Amino acid sequence: MFYASSLYFTGAEIGLSLSALVLLLVAAWGGQKTARLVTILSVAALVGATIFSIHLFDTASVEIAGRAFGDLYRADAFGSFGKILIYLATVAVLIVTPRFFDHRGAYRPEYPVLMLFNAVGMGMMVSATDLMTLYIGLEMSSLASYVLASFLREDTRSAEAGLKYFVLGALASGIILYGVSLVYGFTGTTNYDAIRVAFAANFSTGALFGVVFVLAGMAFKVSAVPFHMWTPDVYEGAPTPVTAFFASAPKVAAMAMLVRLAMEPFAGEVDSWRQIVIFAALASIVVGALGAIGQQSLKRLLAYSSINNVGFILIGLAAATPGGVASVLTYLVIYVAMTIGSFTALLMLRDPSGEPLDNLADISGLSTSRPVLAWCLLALMFSLAGIPPLFGFWGKFVVFQAAIQADLVALAAIGIAASVIGAFYYLKFIKVMFFDDATREVEKHSPTGHWTVLVICVLIISPLGYLLTIPLGDWTTRAAASFVAVM
Amino acid sequence: MIQTVAFYLFSVLVIASAVMVIMARNPVHSVLWLILAFFNAAGLMVLVGAEFIAMLLVIVYVGAVAVLFLFVVMMLDIDFAELRAGFVKNFPLGIAIALVLLAELVLGIGAYRAGMIELGVASVATAPVLSASNTASLGAVLYRDYLFLFEAAGLILLVAMIGAIVLTHRRRPEGARGHQDIGKQVRRDPEKATVMRQPEIGKGIDL
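Line order of the protein sequences matches chains A and B.
With the numbering used here applied, the first sequence covers 1 to 487.
With the numbering used here applied, the second sequence covers 1001 to 1207.
Quick caveat, the hints were computed from the structure, so don't treat them as lab data.
All figures in this text were calculated on a predicted structure; none of them were measured in a lab.
Do not take every clue at face value.
Here are some of the chain A residues that sit facing chain B, going by a computed Cβ distance under 7 Å [said to hold, decoys possible]:
1) 72
2) 152
3) 153
Quick reminder that beta carbons are idealized off the backbone N, C-alpha and C, glycines included.
Could you put the whole structure together from the sequences, leaning on the hints where they help?
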C-alpha cells in the first residue's frame, strides 16, 4: 500500500474536507457575520478541487488507473470528469444562493460548509470502486442534503421537504445496503473487480436479487420512475437554491455512480440489468412528461422535467457500451447547464419587495417586463424540449444514437415519441411568458453573480454550444475509456 | 485445570446474575445485576481468546449502555404493585411463549447436529488473518486497509452533528423567553436568590 499515491489520488476529497473543517472553525468563532466570507472561501476551495480534478483527468490513462487505498477508490478519467461537473455545479449554486436567504435573514455559514461536505461525499460516490466506499460517499452526500433541504427551518414546507427526503432517503439507503449485503454474501467481496470475476464464475439467483436491490436504491437516488414520488414534493418545499443543487450535482453523482456500477461489477450481467434500466428510462420519460402538464408551481414543473431528463440519460446507460457511457456524460453536461440556468432564472424572478415568484401565473407577460430574462428562459425551455438549433437537442441525439448502435431501436423510437409529449409543457411555459398579459409586478434588476451564471449556462445551451461538440466528444470518450480496460 | 474452574465460575455467575436481573424487584438492582452479568460474560470471552470482544463488553456495555440504563431507570417513576398486577392473568400466555421458544431451541440444536444448510458459497475465499491478536488484526483492518473509509465515516458523524445543531440551535434574543445569560447565573448569590416568607393560612403568597 502506497500512501503517497493514495493521498495524491484522493487529493480533491482531502483538500475539500480540510477546507470544510477550517471553514467550520471560522464559522464557529466568527458567527453569523462570516457567512459571506465562508461562502467565498468555499467557492475558492471548490475551484481548487476542480483544477486538481482537471489535472487528474489530463494525466489519467488506462495504465495509471488511479487506484487509491487498495482499490477502494479510483481516480480515473471517468471519475475526474464527473467530479469536475459536480464541483462546477456546486460553485454555480453557491454563487446564486446567499441572496435568496438574505431576504429572509436565514443565511448562515454552515450552508457552504455543508455544501463542501456534500461535494466530498459526491466525489467519493463517483470514484468508488468498492461497495463500502459507495455507501459511505452516498450517506455523506445524502445526510448533508437532508439538512440543506430543511435549511429554512422557520418555513414548514422546507421542514416537510427535509423530513420527507430524510425518511425516503433512509429507506433507499436501506434497500441499497440490503442489496450490497446480498452481493457480498454471494461473492465474498465488496471490491468491484473481484465482484465481476466472481459473477463471471457463478451468477446465482440470490446475487441477482442483490443486483436488483442495489439498482432499485440507485433509481431512487437519481429519481427514476417508479422511485420518483419524493422528487416533486422535495423540490417544491426545499429553498430554491437547494432545489437547483439537488437537480444538478447530486444527480450527476448518483448517475455516475450508477454507470460505474453497471459497467464495472455488473458488466458481465448486462442482460440482467438492462431490462430494469429500459423500463425505468421509458417510465421516467412518460411520467415526467405527463406529470408536468398540470403543474402550476414552477419548481414542481422543473422537478418533473428532471425526472423526464433522467429517463433520457438512462437510455444511454441501457446501451451498455463505451459509446453509451460517453453519451450519458454528454447529456449530463448539457443537463446541468440547462438545470442551473433554469433555476438561476427562477431565482431572479422576484416581486419588488423581494418575495420569490414561483407560480406559472406569476411569469405571465415576462417578455415585456424583463425581456432579456424571458429570452434566456425561452432558450432554456426550447433546449430542455430538445428543439434543434439549441444544444439540448445534441444531448438527446447522442443518447438515441448510442441506443440505436446497441440495437435498441424500439427503445429509441419510443423515447423519441415520448419526448414530443414533454415538448408540450415547455411550450406552455413559453406561451405564458410571451403571450399572456402580466399579472404580477416583477423586480427589474438582478445582481451580477446571477447574470454571470445565467449567461454562461445560456451560452452553453445556445447554438454556440455546438462549438463544444468536438472537445466534449473527446473528453467523454476518454472518460468512457476508463471502462474499456475493464470490459 | 484453572481454565475449567474459571469457566464454571464465570458461567455460573453469568447465569445466576442473569436470573437475578429478571427476578430483582427493584429495577435499579436489576441493572446492577446486569452489569455483573456483562463482567462475567467478558470473562468468558477472555477464556475463549476473544479479548477484543471482552474489552468492548466492559467499555461499551458496562461503561456506557448499562450506566445509561441506570440513569433511565432511576428517572422512571415505577409503581411496583401495578407491575405485578397482571402476572396471574398473563401467566398462561407467558408459559405458551416459553414453550415455543423451548421448541425452537430444541429444533435449532437438532438441525445444527444434522449438518448445516448451504445457503450460498462465497466465490472468493478471503485469507484468514494469522499470527496476531484480535485487537491487532482488527486494528490493521480498520486503520490500515480501510483507513480512508474510517476517516470518511468520521466525517459523516461530523456532518450529522452540524446538521443537528443547524436545525435545532437558535440564539434567543436578549430578554426573550428561554434566553440564557451565563454570566448572570454565575454572579447570583444565595442572599438575593432565596427569600423567607411566612404566609398566612388560607391566603396566597406573593413571590
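Cross-check of the supplied hints:
1. Annotation: residue 72(A) was flagged as interfacial toward chain B, and the flag holds, the nearest CB pair being 6 Å apart, inside 7 Å.
2. The interface hint given for residue 152(A) is broken, as the beta carbon of that residue sits about 11 Å from the closest beta carbon of chain B, more than 7 Å.
3. This hint holds: residue 153(A) has a C-beta 6 Å from the nearest C-beta of chain B, less than the 7 Å allowed.
Checked against the numbered hints given earlier, the structure breaks only hint 2 and satisfies all the rest.
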